[in-house]
Amino acid sequence: MRTALILAAGLFAAPAAAGVPEALDQHILPGFDRFVQETGALARTAEEDCTAGTVAPAYHAAFDTWMPLAEVKIGPSDTGALSVLFWPDDRGFTPKALNGLIADADPVVTQPEDYAEVSIAARGLMALDMLLFDPAYDSADPYTCQLVTAVAVDLARQAETLQAAWADEFAAALRSAGAAENATFLSPQEAMRALYTQVLSGLEFTADQRLGRPLGTFERPRPRRAEAWRSERSLRNVLLAADAAQSLAHALAETDLPLTDAAMVSVREAAAKVNDPGFQDIDDPQARLQVEVLAQEVRSLRTAIANEVGAPLGIAPGFNSSDGD
Amino acid sequence: MHRTLLTATTALCGLTTMVLAETDRGAVLTTYADIAAAAYADSLATAQELQAAVEALIADPSEATLTDARAAWKAARVPYQQTEVYRFGNPMVDDWEGKVNAWPLDEGMIDYVDASYGGATDANELAALNIIATPEPMIAGQTVDATSITPDLIADTLNEADGIETNVARGYHAIEFLLWGQDLNGTEAGAGDRPWTDYAQGGDCTNGNCDRRADYLSAATDLLVSDLEEMAALWATGGAARAAVTEDVDAGLNAMLTGMGSLSYGEQAGERMRLGLMLNDPEEEHDCFSDNTHMSHFYDGQGIWNVYHGEYTRTDGTKVDGPALADLVAEVDPALDEELTAKLDTTMAALGKIRDSAEDGFAYDMMLARGNAEGEALIMAAVDGLIDQTRSIERVVTELGLDSIAFEGSDSLDDPDAVFQ
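So the protein sequences, as listed, match chains A and B.
Position 182, counted from 1, in the first sequence is what UniProt numbering calls 182; the numbers after and before it change by one each time, with no gaps.
Position 21, counted from 1, in the second sequence is what UniProt numbering calls 21; the numbers after and before it change by one each time, with no gaps.
Keep in mind that the hints were calculated from the coordinates and are not lab data.
Accuracy of the hints is not assured; some may be wrong.
Using 25 Å as the maximum straight-line C-alpha spacing, the simulated DMTMM-like pairs for lysine to aspartate or glutamate come out as follows [to be verified]:
1. B:Lys353 <-> A:Glu117
2. B:Lys343 <-> A:Asp208
3. B:Lys99 <-> A:Asp89
4. B:Lys99 <-> A:Asp90
5. A:Lys96 <-> B:Asp193
6. B:Lys74 <-> B:Asp360
7. B:Lys99 <-> A:Glu219
8. B:Lys99 <-> A:Glu117
9. B:Lys353 <-> B:Asp327
Keep in mind the model is a prediction, meaning the values are calculated, not measured.
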């Protein structure tokens, strides 16, 4: 009886959010450092030479550093992530917003700090995807060149703001969850649940949106609804998002995750069989099938993480920003 | 198996208290269902008034009959918006909701639009179809007979045509577009300005096809009324939606809290308010044609407040109330009840400020404009309030021991096999 009591007391006193510091120190904070570095390089490249061919490699490098962070939509990123990567864009806001700026030769492009005021549809990675890879835009045109540079510089500024907000305040709020002065997270479990929710909802987003949107229905596939298909990043983003989920799951968990790791191997195997990195061939039933299998493997990865990370800790995901329509 | 074990434990713990607590929870769910029944009945009654006003407009088109129809539409939104909190937790409502309140829409699919609207998009080849001007349109490679515009044509062929969600052919917002037309004022004040002569027959008809436009408006309004009849019946005594939340106490409470949390965060704070603001796009207003968005946001928030406090004021001013979720939370954790009550009030105050500012001439469109710091502050105050209350709603879920029940969109947790279907 006595032993049981001591054990129980020990459980309550221990920092139940073990895993939260690991998620911050191993994944999130170094991730923001890399994102700042690569978006800074992108901005400097564009300032020197804004032609699409020169900027494209820096764009890809910057995009690669965003994907590990893309689905962590809490704290500063709850709002901040929207202007880094605005997608899906069902109603074509990105071309509309960019065309509006170009048609007016809007002088907002000359002041990087003002560019933060423009529509999120004309900011961030998806604006660059359109400007650099859609034949409708010509980076040799002087205004379009200025626009590419403005978007790149604004993105680098966004990266710095986000990195600072995470490092200065939000990381501390997560670490001190349950402390008397912490009004955001009333218990260590709340901090854990907040991060865990991001892992699961991120994989749900990858399966339902990144893969589900282009898949559409068998009769009516929608290749143009793939994410960043113009820059042929659709498949790469799926893999990077799945990698990020696996990495965060390991940080949060206190045990090995054999099912999760096996599920990730299956995700990679399925991805290796997809031919078109932009999913533009899914009108073909054979190509479509490979993408469907990949979506299924991403959902299995989500189930594995729920069983291996969530269940032992007794946490279910909370509300996420994708609840709703 | 679990259930049996729980019952056994309950008996051991002391029968009287537990039975009392159980009764309380059941009564809370009865209040929840009663409010739904009253709010959907009010939605139906006000939609029938809209139907009468639309019939009057079509029979005798004039500035006055168009104004009356617009007023009836706005009045119909007041009770309906307060039902939106029933969506996410109740599959019967969620499956049905798209018929009446789908948004945003590519209105060019329905009727004429300004040249600035553009044409087909990456996502929707039918964005500018204009069914009112096109008796035999081509939809997804098939010629469709739309020579006669009927409720069936709208429901079965046009709505979500080509599998595209923004092809919204029915519901409040399709009717709104037919009454107001496009709002071409951008981020300046002013709503859509469709002339009444769009419904004039013969030589006075403006913008063409006034007969087909009248047929469309009439058919869409009839559909709205029949859709609301269906939902009102589901919540009335003996209705299936009522049964679903009152039969299983935990599932019912979970439905209440899921509806409150999902509407607060992902839907209202995220999709409807913050996104529109960050896009600076007045078309992202929820009621963009009528400029009624500030009212819709306010009554969405009110619906969440209603469910927590077990209280709803009907369109005739009478009150429906009873044992509330707030009472239940106050019993278990008084501090949490105070916390959520205060946060809901903060949100309502912020939504009230938006409503009052808009009614005083600072239109919601203007608040969305690029660089409008005052508008941004008004909208973000409500967004922050909605996000903040979601955290407390999560705490209620945990406090009531409901957190083992997965939230919406988590099929794989409820049923790992579902992912292989």
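Now the hints, each set against the structure:
At roughly 23 Å between alpha-carbon atoms, Lys353 (chain B) and Glu117 (chain A) fall within 25 Å of each other, so this suggested pair holds. For the hint pairing Lys343 (chain B) with Asp208 (chain A), the CA-to-CA distance comes to about 32 Å; that exceeds 25 Å, so the pair is violated. Restraint check for Lys99 (chain B) and Asp89 (chain A): satisfied, since their Cα atoms lie roughly 22 Å apart, inside the 25 Å limit. At roughly 19 Å between alpha-carbon atoms, Lys99 (chain B) and Asp90 (chain A) fall within 25 Å of each other, so this suggested pair holds.
A threshold of 25 Å between alpha carbons decides the hint, and for Lys96 (chain A) with Asp193 (chain B) the separation of about 23 Å falls inside it, so the pair holds. Distance check on the hinted pair: Lys74 (chain B) and Asp360 (chain B) sit about 17 Å apart at the alpha-carbon level, within 25 Å; holds. As the CA atoms of Lys99 (chain B) and Glu219 (chain A) are separated by approximately 23 Å, the hinted pair is consistent with the 25 Å bound. With a C-alpha separation of about 36 Å, the suggested pair Lys99 (chain B) and Glu117 (chain A) falls outside the 25 Å cut-off, and the hint is violated.
For the suggested pair Lys353 (chain B) and Asp327 (chain B), the alpha carbons sit about 28 Å apart, so the restraint of at most 25 Å is broken.
Going through the hint list in order, the structure does not satisfy hints 2, 8 and 9.
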